[in-house]
Amino acid sequence: AVLWMLWKSGEGFDEKTLNQAAEFWLSALEILSSMNISQHPHPLVLSVYFQIVTRYSKYTHAHPKLMFALLSSLIDQRGMHNQRQKIRSECFDCFVRVCESLKGPLSGRIGELLPVLVTDLTIGNPNITEYDQVNLYEGIGLLVGFLSHSKESLEEQAKYMDKVLSSPLQTLQEAIRTLSQAKDARANEHQQLVHVLCHSFETIGSFSKGFPRNSKFALGNSVKYFVPVLDTVVKLLDQMPNHPTIRAKSIFYLHRMINTLGKGIYPYLAGIISALMKNTFEASSLVDVVLLINQICSTFKAEVNEVVNELFYPFVKYMFDFIQNAINRGVTRDSEE
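Going by the numbering used here, the sequence shown opens with residue 38, and the numbers climb by one from there.
Among the hints, a few may not be true.
[Unchecked claim] Listed next, the in silico BS3-like pairs over lysine-lysine satisfying Cα-Cα at most 25 angstroms (straight line):
no. : residue 1 : residue 2
1   : K188      : K140
2   : K261      : K140
3   : K338      : K246
4   : K354      : K272
5   : K53       : K95
6   : K200      : K188
[Unchecked claim] Beta-carbon label-pair distances, calculated as ranges:
no. : residue 1 : residue 2 : range
7   : L151      : H100      : 19 to 27 angstroms
8   : A339      : P101      : 43 to 51 angstroms
9   : E60       : A195      : 34 to 42 angstroms
10  : K196      : T336      : 26 to 34 angstroms
11  : E52       : L151      : 26 to 34 angstroms
12  : Q229      : E149      : 32 to 40 angstroms
13  : D51       : Q276      : 48 to 56 angstroms
14  : S321      : K261      : 28 to 36 angstroms
Simulated from the structure, these hints should not be mistaken for laboratory data. Cβ coordinates follow ideal geometry from the N, Cα and C atoms, glycine included.
Using the sequences provided together with the hints, build the complete structure.
This is how it looks when you write it as structure tokens:
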């Protein structure tokens, strides 16, 4: 009950009021850490404890020893490697939020975190759910991406990107190699391979969330690690434009790369839009294209006029062909479609 009250206490105040009580929250975290609450056997106690750590850990910036002690409880056998799946999943979600709050100080401790998490970063690991793994990649990406703010940190950033992205990039290469040799990549026997491939898209795209678009330093690393995946996405969309999973995860990755690469995505825009429009006859797919173009226009505004103008006529023609095909199928104003 006391833990629950401590956790809920932070909900009724605005950020300014919470910050004024920073010393109180810090003292509470120190007491919880000294009492070894993180080793309590009851799952409800652990759940509330990790929520408290997540909510108030931002006040530990100037207390690295306490900060890392709390983080350790989150990522070891007490949290992300707990025997209970519910606790594990909750801690992977908490990990993302803690990394967001403490990405500055924690970016200097990545080397200490990775040895504990390296197995969880392996694509296809049966001991971690795909949802949890995506959260893990997003959290690590927030820390690695923070290194973009310093020119001196770029070499260190590239080293960590090599380690973190090695598994999904290798999985992508192997999957693409196998699918390219298959007579029909859409056959049922290849669906698990396609699924793993799409999961790799999602993990790398989630990892990229920590990389600022306007960084004048880190674009080189972003191009080196993210653009080859973008090439793969465009090729897959061209080969299998109607595969629902490939289309959904590819669009997710494209949205991410517009934010991450900035102007670096310009050379790919025509191929992306063309691939998305290819052999597409459903209204939901048309909406996907419109949303992507809308993001491109709202992100880059007048800077992208030349590229958008090249796409405008093919897109308008595509829309009218889409409408005509619908009419030919008997779709009317009164039909559900």
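Going down the list of hints, with the structure as the test:
1. Distance restraint check for K188 and K140: the Cα-Cα separation of roughly 17 angstroms lies within the 25 angstroms cut-off, and the hinted pair is therefore satisfied.
2. As the CA atoms of K261 and K140 are separated by approximately 23 angstroms, the hinted pair is consistent with the 25 angstroms bound.
3. Proposed proximity of K338 and K246 is supported: the alpha carbons are some 21 angstroms apart, at most 25 angstroms.
4. With a C-alpha separation of about 23 angstroms, the suggested pair K354 and K272 falls inside the 25 angstroms cut-off, and the hint holds.
5. At roughly 13 angstroms between alpha-carbon atoms, K53 and K95 fall within 25 angstroms of each other, so this suggested pair holds.
6. A distance of roughly 20 angstroms separates the Cα atoms of K200 and K188; the hinted pair therefore holds under the 25 angstroms criterion.
7. Checking the proposed 19 to 27 angstroms range against L151 and H100 shows it holds: the Cβ atoms sit about 23 angstroms from each other.
8. Restraint check, A339 to P101: a C-beta distance of roughly 46 angstroms satisfies the suggested window 43 to 51 angstroms.
9. Between E60 and A195 the beta carbon distance is about 39 angstroms. The supplied range of 34 to 42 angstroms therefore holds.
10. Our hint of 26 to 34 angstroms for K196 and T336 holds, since their Cβ atoms are close to 30 angstroms apart.
11. Taking the beta carbon of each, E52 and L151 are about 32 angstroms apart, inside 26 to 34 angstroms as hinted.
12. Between Q229 and E149 the C-beta distance comes to about 35 angstroms, which sits within the given range of 32 to 40 angstroms.
13. At about 51 angstroms, the CB distance of D51 to Q276 agrees with the hint of 48 to 56 angstroms.
14. Hint check: S321 to K261, Cβ distance near 34 angstroms, so the stated range 28 to 36 angstroms holds.
Violated hints are absent here; each numbered hint is respected by the structure.
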